[in-house]
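Novice: Read off the chains here:
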Amino acid sequence: MMAHPSAASPRAVSSLPSTVTFPVKRDLRMPRPGILRSAPRSATLAVLAGTAAIGLALTGCTSAAPTGDSATPVAGGTLTYASGDAEPTCLDPHVGGNYPQALVSGQFLESLVSLNSDGEVIPWLADSWTVSDDGLTWEFTLKDGVTFTDGTPLDAAAVQANIAHLQDPATGSSTGYLALAKVTGTEAVSDSVVRLTLAQPDSALLESLSQPWLAIESPTALERSQDENCAAPVGTGPFIVDSWVKQNAITLVRNDDYTSPPADAEHEGPAYLDSITWRFIPDSASRYAALQAGEVDVIDNAQPDTISQAEASDTIVHLDAPRPGASNRIELNSGKAPFNDAAVREAFIRSANVDDAVATLFQGSAERSYSALSSVEPLGISRPDLFDYDPDAAAALLDEAGWSEKDSDGYRVKDGVRLTVVFPVSTNQSIPAEQSLFEQIQATAKETGFDVQLTKLDLSSWYTALGSNAYDAVSAPYTKVGPDVLRILFDSAGITPAPSGYFANHAQLNDPELDSLLAQANATNDADTRAALYADAQDIVLEGFYILPLYDQQNHFLLSSAVEGARAMPTVSTPAFYDAWLTS
Amino acid sequence: MSELEIQVAAGVDTAGGAKTAGRGRVSVVEVIAALLAALLITAAIAPGLLAPGDPLAIDPLAAFGAPSWTHWFGTDESGRDIYTRVVDGAHDSLLIGLTATVIGLGLGAILGVIAGTLGAAVDFTVNRFLEVLFAFPGLLLALLFILVFGPGPGSAIVAVGLSTAPGYARIIRAQLIRVRSSAFVEAATVQGLSRRRILTRHILPNTLAPLLVLGTLGVGQAIVWAAALSYLGLGAQPPAAEWGAMLSAGRTYITSAWWMSFFPGLFIVLTAVCATALGRSIERRMRHA
Amino acid sequence: MADQLTRARLGGLGRRLAGAVFVLWAVATVTFFAVRLIPGDPAEAILGGPGSQTSAEALAAVRAEYGLDQPLSLQYLHQLGRLATGDLGRSYALNMDVGPLVLSQLGGTLVLALLSLTVAWLIALLLATWSTGRGRLARQIGSGLEIVAAALPHFWLATTLIVVFSIWWGVLPPISTADARGLVLPVVTLAIPLAGFLGQVMRESLTAALESPFVLSARARGESERGVLWRHALRHAALPAIGLSGWAFGSLISGAVVVETIFARPGLGRTLLNAVTVRDVPVVIGVVMIVALVYILMTVLTDLASRLADPRPMSTGTGAGA
Chain B
1 MMAHPSAASP RAVSSLPSTV TFPVKRDLRM PRPGILRSAP RSATLAVLAG
51 TAAIGLALTG CTSAAPTGDS ATPVAGGTLT YASGDAEPTC LDPHVGGNYP
101 QALVSGQFLE SLVSLNSDGE VIPWLADSWT VSDDGLTWEF TLKDGVTFTD
151 GTPLDAAAVQ ANIAHLQDPA TGSSTGYLAL AKVTGTEAVS DSVVRLTLAQ
201 PDSALLESLS QPWLAIESPT ALERSQDENC AAPVGTGPFI VDSWVKQNAI
251 TLVRNDDYTS PPADAEHEGP AYLDSITWRF IPDSASRYAA LQAGEVDVID
301 NAQPDTISQA EASDTIVHLD APRPGASNRI ELNSGKAPFN DAAVREAFIR
351 SANVDDAVAT LFQGSAERSY SALSSVEPLG ISRPDLFDYD PDAAAALLDE
401 AGWSEKDSDG YRVKDGVRLT VVFPVSTNQS IPAEQSLFEQ IQATAKETGF
451 DVQLTKLDLS SWYTALGSNA YDAVSAPYTK VGPDVLRILF DSAGITPAPS
501 GYFANHAQLN DPELDSLLAQ ANATNDADTR AALYADAQDI VLEGFYILPL
551 YDQQNHFLLS SAVEGARAMP TVSTPAFYDA WLTS
Chain C
1 MSELEIQVAA GVDTAGGAKT AGRGRVSVVE VIAALLAALL ITAAIAPGLL
51 APGDPLAIDP LAAFGAPSWT HWFGTDESGR DIYTRVVDGA HDSLLIGLTA
101 TVIGLGLGAI LGVIAGTLGA AVDFTVNRFL EVLFAFPGLL LALLFILVFG
151 PGPGSAIVAV GLSTAPGYAR IIRAQLIRVR SSAFVEAATV QGLSRRRILT
201 RHILPNTLAP LLVLGTLGVG QAIVWAAALS YLGLGAQPPA AEWGAMLSAG
251 RTYITSAWWM SFFPGLFIVL TAVCATALGR SIERRMRHA
Chain H
1 MADQLTRARL GGLGRRLAGA VFVLWAVATV TFFAVRLIPG DPAEAILGGP
51 GSQTSAEALA AVRAEYGLDQ PLSLQYLHQL GRLATGDLGR SYALNMDVGP
101 LVLSQLGGTL VLALLSLTVA WLIALLLATW STGRGRLARQ IGSGLEIVAA
151 ALPHFWLATT LIVVFSIWWG VLPPISTADA RGLVLPVVTL AIPLAGFLGQ
201 VMRESLTAAL ESPFVLSARA RGESERGVLW RHALRHAALP AIGLSGWAFG
251 SLISGAVVVE TIFARPGLGR TLLNAVTVRD VPVVIGVVMI VALVYILMTV
301 LTDLASRLAD PRPMSTGTGA GA
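Chains as they are written, first to last, in the working numbering: chain B, 1 to 584; chain C, 1 to 289; chain H, 1 to 322.
Just chain B, with the same shape it has in the complex (with noise of 0.2 Å):
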């Protein structure tokens, strides 16, 4: 029931001419030096580590930094994965589409094209692809020999399934429904080539297929019922469904039949594990708990303290793999009192103090953010300029936004109004170290007159109130590969909700001039332009004042040292364990 946002990245994105794209250079594989945080905490820990050390099985590992250069990866053997984020109600990602779903489908499906870790796209189960100059027609030639764990091989025709599943109202998908959006036809030009037809260019479209909610399924396994479908997928990727035994744990084996890995993967060939278990540990103490006797290998939604013990001990490694998409942010709600007044969203940020409620809350963990993007988004800005903790100024702003009278509480009145900002939280999507994060800013922004009300939410009662309007601040994840997440974000047509009630644009953005650049930057294939126009489509965002960027959307994972070879997928940050062998 938890889905947690979760990422930390190790340098912030500096601030560059809008005519230069830069890559990403992190290697989020493991086990690779730079990504080991190896800065040692307080003593306390180091003496919990050892008893760490001393509970878990031990592997003979002495030195601080697994070696994955000298070992040899062995076959065999069954990984235990213990996620925090909720179990899933359906494991085909086509239905609905979220966060939980894509770590464990990752095991098993495999989209189109990938991402490597320099954000460029790679081959995958497309081995190449070309698009017309009016961006409307795009064609994927696929790999050839690769057929679905059920024995249907993989051709146009399938990917034509694949396409129409996900458009059909009936599948009920959410995230892959409106990648697709522009796509009208497809077309099988040959048995590996598969034309793809748009309304409109869409520059995202590659961004979009590279996901695991877009993944290409079996079109034997689709026609049956989507009860079936749920229960166990059929796929091409390195791992099979072998059974699901709800609210318990997923049990995936090995497919030996596996030969299309990503062209950034380590070998070829099927996987070095016999098997994997999935299952579903909420409570993120019993988690650590798990990992450190050995009950498990890898789990992930690491806590910031947990972080910190595991980079101190021999025997846990951490793994540092920021989601896509829009960072972790706080949006202020512009579309009604008090924050449809730039001065006062803007004298609210520079009353908060984020940074230091972040060095001591994420104890090293998270960096501060300063921009609307993840880290990992070659194409995001960062302003730290704009966001400084600045007390002073912010009680100038609300002197001159007509805010200078208090009552007996301290808090800012006018017309006797009192300046109130509802501040839902979600107990499900934020850790506990967020949330006192939100306290520390209520603190912080209460002595410049600012009443924040925070109330801790389950997550149907969350969305129930930002669908009814009644919220002032609010910090929501969004999970997307590529910056086009800015348009679903910030986008105008953002602040209709759908049927569900849900909408995106929380900050209720209605700029004409910010619609007109998404759009164009939506429809251009020229990276340079591309680059530009979302640059300037972030100045307009950061500069009005409408997001409070806190950080990266967390992402951590921890695995036992036994764990060789296990990555984090470029594209949506998701764990691949197609490398991955155990050491003991």
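Derived from the structure by calculation, the hints contain no laboratory data.
C-beta: ideal position from N, C-alpha, C; glycine also.
Hints may be right or wrong, so weigh each one.
Claimed, not checked - Just so you have them, the derived chain B footprint on chain C, three or more residues with Cβ under 8 Å:
hint, region
1, 51 to 59
2, 216 to 223
3, 249 to 255
4, 268 to 277
What the hints assert, rightly or not - Residues from chain C that face chain H, not an exhaustive set, calculated with beta carbons under 10 Å:
hint, residue
5, S27
6, V29
7, V31
8, A135
9, L141
10, R170
11, G244
Could you slot chains C and H onto chain B? The hints should help.
Specialist: For chains C and H alone, coordinates are given in the frame of chain B:
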């Protein structure tokens, strides 16, 4: 609550000095309990006397500080002084505990008296009603209530009160039946007193007399209940310094900052122990009086 | 005479049965309306949870299929009808029939609850018998331990036990495993506070029983202190505790919600919590009904046990509920 109180209400002597504490002799335990209660009540009414600082004042750079001379109970993840918050939290926690107990007792007493005095048919109906309430897991009842009416101390109070009411109702009803068939009521009937007078003069006072004892015993439980709700995120809202919320928040850091959960937990236990000890000593006094 | 007794017994049985049916009906009704009162759209819950960006057609289709566009009272009657035929419906969120789902989770929780009840009984019994009749200090220690135990919140106790036994000493797993080792900590977590309650009850009635006339006469007959304790007093002492066990079971289910979540143990408690969070009405109703059924069964069992253990002749029960 529980039928444990049947025994208490029935006047069974309890640990703590059945043979030694007679009328008016005060045991060490009682003195300590009374002092503790006084401190807690002071903390609830006038926290400033015991802890002059601001329970909400954050100091991020002093976060996760171990207990020291400047911070007796250490600091939490936002650098707030835990001692000040615990003292301040007495207000929230005791308020929830006491009010929830009062609601539970009140509702329970009404139901129990109705069941015991208005005849067999009413008795049967009320008993079924109580069984329905009993059949619900208490936490679920509280959960549903809070989800419908929103989180916060008010909802927590009513939710806990509702969950505990059926237990009290059963006890009151049992006590009423026992009193009704006791010797002196028989005597009063023989003497020719009207039913009404017997009810108001004899039955009700003797039935409701144990309420005080029940209440003190229940306060501790109500506070523990409220703490469980805080674990589920449905109790007091931040930044309120309520013990259950502090205990729940501190659980995340239990291996690195044990003091964050130790002290709120200690006070929850102390309050429950103190309330129970007081309840028993009151009950003993009442019986000997 | 035997005829009358049988008729009385049958009549009692019939009343019991009617009472049980009433309770089940009331439980289903309250749950149905309570969950529907919670803000949140059931159609959304069916289509993959809150926040899903589903289309209008999909929502409309689901509403029609599940009858959610009908007035609430009509939906309630349909639900009742289904329940009466034993059809617990289909989970909105889990794509499973509720019946099999609940039954698969029931075993785990029952094992947990029964084991915890047993262990709590043992601890309470031992503590009560050890600390009674040995003087004031023993009594105070015993009483003190029980009061403290009863005041420990489950979630705090669970975490502390994990820290001590799993992280520091590494002797027990911190989460539930397939074998018995994974049961130890969850059972102990539930048993300790319950033992506190039961112990207090037992001790008081034990003390009272030790001072009662029949015990005095047993002593006068020359029976040893221990013999008196075990053979006479204990039966009386156990009575109220047996009566409490029905209530204890209900409180164990509450505790199971927390314990199953912390120890990642499959069971009804965790299922219930998840279902309430995503507004999965059929599962909530299903779980609550099963719990109510088991509770009713437990009540019957404890009533029988009380009557069996009660050495007093022709006792009609001292008002432990009709």
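Novice: If a hint holds in the structure, say so; if it does not, say that too.
Specialist: Do the hints match the structure? See the list:
no.	hint	verdict
1	51 to 59	holds (count 3)
2	216 to 223	violated (count 0)
3	249 to 255	holds (count 6)
4	268 to 277	violated (count 0)
5	S27	holds, 9 Å
6	V29	holds, 7 Å
7	V31	violated, 14 Å
8	A135	holds, 4 Å
9	L141	holds, 9 Å
10	R170	holds, 6 Å
11	G244	holds, 7 Å
Of the numbered hints given earlier, the model fails hints 2, 4 and 7; all others are met.
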